[in-house]
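Residue numbers (the numbering used here), protein chains in the order written: chain A, 1 to 275; chain B, 1 to 275; chain C, 1 to 275; chain D, 1 to 275.
These are calculated hints, taken from the structure and not from any lab test. Treat the hints with care, as some may be off.
As the list makes no split between identical chains, a pair holds if one copy fits it or if it spans any two.
Simulated crosslink set (DSS-like; lysine-lysine; CA at most 30 angstroms straight-line) [unchecked claim]: (1) K37 - K242; (2) K270 - K81; (3) K37 - K245; (4) K61 - K81; (5) K254 - K16; (6) K268 - K16; (7) K268 - K37; (8) K50 - K245.
Take a look at the letters that make up each chain.
Protein chains: 4
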Amino acid sequence: MVIVIQCTDQIGLVAKISGLLAAEGFNILSMHEHVDKAANLFFMRLEVDKQTEGDRPLEQKLHELLPQGALIRVNPDPVKKVIVMVTREYHCLADILVRNYFKTLGATVQCVIGNYTNLADICRRFDVPFHHVSFAGSSAASEKQILDIITQYEHDYIVLAKFMRILSPDFVSRFPGKIINIHHSFLPAFAGANPYRQAYERGVKLVGATAHFVTDELDEGPIIAQQIISADHSHTASDMIKAGKEIETAVLAKALRVVFDDRVFIYKNKTVVLE
Amino acid sequence: MVIVIQCTDQIGLVAKISGLLAAEGFNILSMHEHVDKAANLFFMRLEVDKQTEGDRPLEQKLHELLPQGALIRVNPDPVKKVIVMVTREYHCLADILVRNYFKTLGATVQCVIGNYTNLADICRRFDVPFHHVSFAGSSAASEKQILDIITQYEHDYIVLAKFMRILSPDFVSRFPGKIINIHHSFLPAFAGANPYRQAYERGVKLVGATAHFVTDELDEGPIIAQQIISADHSHTASDMIKAGKEIETAVLAKALRVVFDDRVFIYKNKTVVLE
Amino acid sequence: MVIVIQCTDQIGLVAKISGLLAAEGFNILSMHEHVDKAANLFFMRLEVDKQTEGDRPLEQKLHELLPQGALIRVNPDPVKKVIVMVTREYHCLADILVRNYFKTLGATVQCVIGNYTNLADICRRFDVPFHHVSFAGSSAASEKQILDIITQYEHDYIVLAKFMRILSPDFVSRFPGKIINIHHSFLPAFAGANPYRQAYERGVKLVGATAHFVTDELDEGPIIAQQIISADHSHTASDMIKAGKEIETAVLAKALRVVFDDRVFIYKNKTVVLE
Amino acid sequence: MVIVIQCTDQIGLVAKISGLLAAEGFNILSMHEHVDKAANLFFMRLEVDKQTEGDRPLEQKLHELLPQGALIRVNPDPVKKVIVMVTREYHCLADILVRNYFKTLGATVQCVIGNYTNLADICRRFDVPFHHVSFAGSSAASEKQILDIITQYEHDYIVLAKFMRILSPDFVSRFPGKIINIHHSFLPAFAGANPYRQAYERGVKLVGATAHFVTDELDEGPIIAQQIISADHSHTASDMIKAGKEIETAVLAKALRVVFDDRVFIYKNKTVVLE
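If we strip away everything but chain A, and leave its shape as in the complex, we get (with noise of 0.2 angstroms):
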């Protein structure tokens, strides 16, 4: 079982949640603590050898034990819901399907949304439905529509998998923390458009990828995780995306693991992953 805590930062923190569990019997598995000295927070991933059960619940007790205004999550589902938007790239959809196809992504793909309708096979060929919304309109009337769709499903995150579209501030904010995003180049380099294009003129020798959730500040919210890989002269830009892409998929499906799995905590503009 999980528990995940975030607090104003106090001397004798860990004594109090460790002698807590100790007194209710639980053992605990894994303990990750982290302190941001500068922000005065305390941030705390446990696991623990037994589920909780009886009358007086384990969140209650921490809440009482805990400085008030703590954020606590006891066994959160360890299998999350979530709804993936897409343009017309494959790569990070197919690896998302594969990996909920044989139960290894932490998470339950409830339904598929794309821009164009080139990737409605692939869902269909893995039973995941697949809506498509055109964009070709406006955009207010396009989101309304993915709007309507999304409440159609249960979801704990929407994961844009390459969606190339802008979400407008007023649709990123019904869903905060909720918007992760795989952007195409190391942020902050490169933030906005044809980043690949931006770093083949300016003759970078790595290129990069960001996996970060979305806020109203278009490319500007708290990074999850990032790699990079290797470039040189020879690269064009088209040799630059395609070998993005690699890391791409890698990047977004390293962010996804931990943010399913409850390691991610969100805090100013940035990530505490701890693991």
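Once you've looked at the hints, dock chains B, C and D against the given chain A.
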């Protein structure tokens, strides 16, 4: 102040230790722990915000609290004393001498022992004593000479910074867990002599380096740090040697940093590195 | 159009080849060459801007120009035909099936042969024939069955995508330079069975994967690609396996890309990869 | 002997050049070339087995053969002359001084210019002249002083090894393509001041370094080499600085190696690095 603990695992150890520290008025600045479930061992490294004092030291209280046989160090000297042994290659030694000179090594180099004389001059430039011990005659006589030199200096660790002679089991057994070697391959691949030649013949696509504690089995001691760089068909054996030097320097520097910083625990034939 | 050449080295080979191509009206789009001086061998891969035609083919002219015994391929089929063999793990197979489906593999998967049946369904979803060959009985009988299946399909390469049975020297010798395997360690470290268990016991700080051509010496064939990821004391053997899967998939994908793209030359027990 | 060529691209250039070299009796030991098709430029670096001599030098013959305006260097001095400029940090300077002392830098350090005095002693230990130029007063006066020092020494390149003052466009314009800087971020992310602070605030998961030629646009010159290391939430800004030092040293060393080895071509705002 640093506290390091290695003991048999038990339920509630974290609660006990953090409870004692809170009771004694220490604030925990950082805490890293690891449990090897198979070996039933608990490892912890803490940084707390003040030093111990008074008539009943913290170490004693921890011993009373923890399972019998616990290894506990409270407030180990943050600057270690080291003896460096070399043959002819300069790269690791020079890196150590530079960090020593700028006081960023986490250790003081007491002296350098070399079986050639070409590195005497750089030691002299940094005001570090250099002792020449030829291996032209019998190894036993040379080792005897080295032991005589070593006994002249206080030392916590002996660093083999590209020392290319094999030390006898008798020599090694005098300094258990105290001799650190840099091996120029990704162990256990290419143990023994001429690893780059072996790597070249095998046509590997990566070249590595391994820092490890020395035991009486050649190149088989507990690994502290490893890293690799890419190689390809265009690398001759001597290109691999050249490329390898950079990674050897970096891997040894990393290993020394974590050892001198009291982050490394040895058990079975492995290390736990808490950082 | 691609041209690949492997021959004894000689002074002036580049001048001869580039002169002939200029005379025949080909513009060189890219040229990579390598000389192994110790082996006295010359390797070259060219891309030129048009295809050959006419009554006297370019290959013939190159043979007249180059040293006797030169291996020359002009305009090899850019889409190879492959047979994939698997046991129970899905990650490499799924990656291959996805790329095959989206026509980015550089090859067509003719069929999949598995010694378990759990991967039959994903093959069916991608309309790729799956053949089950049990190894419950004698290996010789199973290999005979596999050979019977293989002969039903045209194929350029056989890919062992986590096929966990050892193929007999007789089987391997029928397909020299045609069988590609992914081994789940950084060869030559941890050859043989259970490499992750071996790596865990040894306490390594990196976990790797190696793609190589299969020869009759187990895990000793020419290496095509290798990569590693970091590990530490917190990785159990099964964590290493999980982490390893990602790198296995990436390394096999990379190896297949360069082999199918006619960038890999085999000689002695090595490869030259021109890219 | 090294030959480097940069010129307008044309069909048959490789044939022409390799033909001339064969006719003149040179054996090509290595050849690297690159064509930027968009820019219509051809780049080549050759190593041949003997040096030129005689009354009609090879450079002249190449000029006759190649398109007008070709940049050709035959037999550039393999040991460059460099002036190093520093502020207070030692890591890049010490690495350069060590390689200089052991004659593995590919260059001779003529002198070091520092705007603080703390690095004078290590220069003295290596018998390298150190000149102190304070920036306490007007920058213009300080730059004038630096120029006076520079004119006392022959030099091919000026290396800014953590020189933390911005040089004026007037200064920079005197040394086009001759000033090499190490910037402590993965450019173009975090250009300008305090990149590690910026990186920390942004919560990035990777920290990088970039070696580039200096132009009059701050941190915008052609990139020679870049590399990154992982960071995470546990890194404070000062941890990032510490981790960054190692990668800065490595990236600058790599950039100097390829520049001093005549492997770097500049065009537009990019480099081609042939190796």
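Now for the hints, and whether the structure bears them out:
Taking the shortest alpha-carbon separations for K37 and K242, only the inter-copy value of 18 angstroms comes in at or below 30 angstroms, while the best intra-copy value is 41 angstroms. Proximity of K270 and K81 under a CA criterion of 30 angstroms is satisfied intra-copy only: 24 angstroms inside one chain copy versus 40 angstroms between copies. With identical chains, the CA atoms of K37 and K245 are at most 30 angstroms apart between copies only, with a shortest distance of 23 angstroms across copies and 37 angstroms within one. With identical chains, the CA atoms of K61 and K81 are at most 30 angstroms apart within one copy only, with a shortest distance of 28 angstroms there and 49 angstroms across copies.
For the identical chains of this complex, K254 and K16 are neighbours neither inside a copy (32 angstroms) nor across copies (35 angstroms), given an alpha-carbon limit of 30 angstroms. Only within a single protomer do K268 and K16 lie at most 30 angstroms apart by alpha-carbon distance; the minimum there is 26 angstroms, versus 33 angstroms between protomers. Proximity of K268 to K37 under the C-alpha cut-off of 30 angstroms is restricted to the intra-copy arrangement: shortest distance 13 angstroms within a copy versus 36 angstroms between copies. Only between protomers do K50 and K245 lie at most 30 angstroms apart by alpha-carbon distance; the minimum there is 29 angstroms, versus 41 angstroms within a single protomer.
Violated hint for the displayed structure: number 5, the only one.
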